[in-house]
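Here is what each chain is made of, one letter per residue.
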Amino acid sequence: MRSYYSDHMTNDNEIDPLNSLATRLSHARESSGSEAPGATVGSGVRQGLGFAMRIGVELVSALIVGVLIGLAIDYWLGTNPWCLLVFFVLGSIAGIFNVYRTAAGLSQTVGYRANLKNYSNRSVSREETEGNKDSG
Amino acid sequence: MAESAQSPLAQFEIKELMPISVGETSIAFTNSAAFMALSVLLITLFLVLGMRKSSLVPGRWQSMAEISYEFVANLLVETVGNEGRKYFPFVFSLFMFILFGNMLGMIPYSFTFTSHIIVTFTMAIVVFLGVTILGFVRHGWHFFSFFVPPGVSVVLWPLMIPIEIISYLSRPVSLGVRLFANLTAGHTMLKVFAGFVVSMGVIGGILPLAFVVALTGLELLIAFLQAYVFTILTCFYINDAIHLH
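Protein chains in written order, with the working numbering: chain A, 1 to 136; chain B, 1 to 245.
Next up, chain B with everything else stripped away, as it sits in the complex (with noise of 0.2 angstroms):
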């Protein structure tokens, strides 16, 4: 009661609930990383014990865990084509660690780890780096011809190859910072508009609560749509990565 006025961004503070730390670094067990742990445990739980009878005609709860794991395995298949199943294990947990994220964050009081952009930043590297390193495997030095825009006359490749390795080093930038934007900024904005509903009265407040409400519709929406986005641009920058023009 005392402290009301809180900041809207008071929500993206880490705070160290287990103080560990290894020399001078400290790895201290964060609300952020509590948050993580218990997506990865709500997952399990949510397909394992979905999964658990796994009759022919599914419940409702089956029923959900197969249309997660259905939704991912056709875009897997759409995008990047038959070939793409053996990276299913790794899309499909990125997907189902972003969305179980983004959903969590969706609970009063608990903490949105995808609003932080070292998380996001670091599921885009990983993406990146992966990728990068599948198209090498695959391909070897023949790789570099990616860079090499065709249809283009030797004189502008000076111009056009650096603008390519702009244009695909801005691929982790950008899959880290949309995610992180996106929640961030759907977060504070909610909070912002719940801080009027209190500060207006009881009679001011009405038009800023059906606001908030109305945005928390839309904060779900975009807590699934920016999962899908992440997801469907990893299975792109796969299919690039595997089959080279």
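Isolated chain A, as found in the complex (with noise of 0.2 angstroms):
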């Protein structure tokens, strides 16, 4: 498990304990069905509804911003309505990219290729990837 657990461990002298400890939560993690020690019950679930609630507002609030600069620019510029006719479909399109690259996995990251190569070297090893995003 954990580095500073190790660490205890070696200098506790109640091992006994301990080790009845680990084999009575091994034993509980069997029964239950769950593997990973790290993951918390239903992380699958949480990540997916996470996910959900995301993702309804990125659309609208690419949207919002748009019209607002629009507005803004025709403000001061009186170019009514012609700015905000411009912004309004930029942001438009913007939300939708937006929910693009959330539902594509690429985070929020702008720009799409670059991500993919790195989403998926992340995905297959973390550290590997590591040393190579500062160089890039």
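Simulated from the structure, these hints should not be mistaken for lab results. A portion of the hints provided could be inaccurate.
To be verified - Sample of chain B residues at the chain A side, in silico, Cβ under 7 angstroms: (1) 169; (2) 177; (3) 225.
Said to hold, decoys possible - A short, non-exhaustive set of chain A residues, derived as facing chain B with CB atoms under 7 angstroms: (4) 50; (5) 65; (6) 91; (7) 94.
Computed from a predicted structure; not experimentally measured. Virtual Cβ for every residue (Gly too), placed ideally from N, Cα, C.
Mind assembling these two chains? They're in different frames, but the hints should get you there.
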């Protein structure tokens, strides 16, 4: 498990209660069916719901920002309503891109191809990409 | 008893507990501020007292404190990597503050400060500005390459760059609005259904009462989930700022 646990364990004289606890824990885990010790119960459900919560607002927020920018530029330049129309469309596109990025698992980074590569690398081995990402 | 027909939105009213004003501006200590202070106090008590004994085999309370720590630490390391560790204090404070705010709001007669858009939006702006500054500090002017999507021909840049900028600026809006909208909608819905229980009498009120019970469970889930979503998006943004493509 964690390094600080193992450090404590080696220093600790009372190793027996810990061992019995470890065996009991592993038995409990086997019976409950969850294998990963770090995973909390229903982490898949939590991630799915968190994902669902994010996606709707992404669409609307970009639209709001687009409309606000359009209105602001119109206000300054007196170009009613042209900038609003243009930025409304741009905002909708940005919103759809946001949703696409979230759905494709690209997190929030701007850009697509590089992140797709990054993403697949990261899911394969996070440790290896750690050094590459700094240089890139 | 006289004022039984209260608006379901009355719970979001800001009340001044201690009127203070500097010049013309009022900086009164409101019920919102009181609950923020209370949540900070509770977080401190929860963590400090929970870790007081810090035994090797944790008790229930210590276990809860450790789980909340490890939950955020794992989230940060999973999304950002080991470089993310130095932002842990900020992310953890943010998570605990929102979580406790949401959970305190679930107690009847309490006030939910996360149901005010000014609070959530301020937190979102802090995250947004912090992440933008972080990106600038780490990458300098190269940070603007963030807005140029790779693999797109130069002809499309005039179209793509405004879209990417809008997309980037929409981050604080979506962060703030999501938390605010979920909490406000949920609490209003609870109040509306609770109102049905009273108005439909003993027999007719059973169904809405069952609904309120179910909704309370759902709201508890959402209270946690929204804190989680806010935190994980903050982690994503920190990751984006550190690792530009």
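**Message:** Hint compliance check: list the failing hint numbers for this structure, sorted ascending.
**Reply:** none
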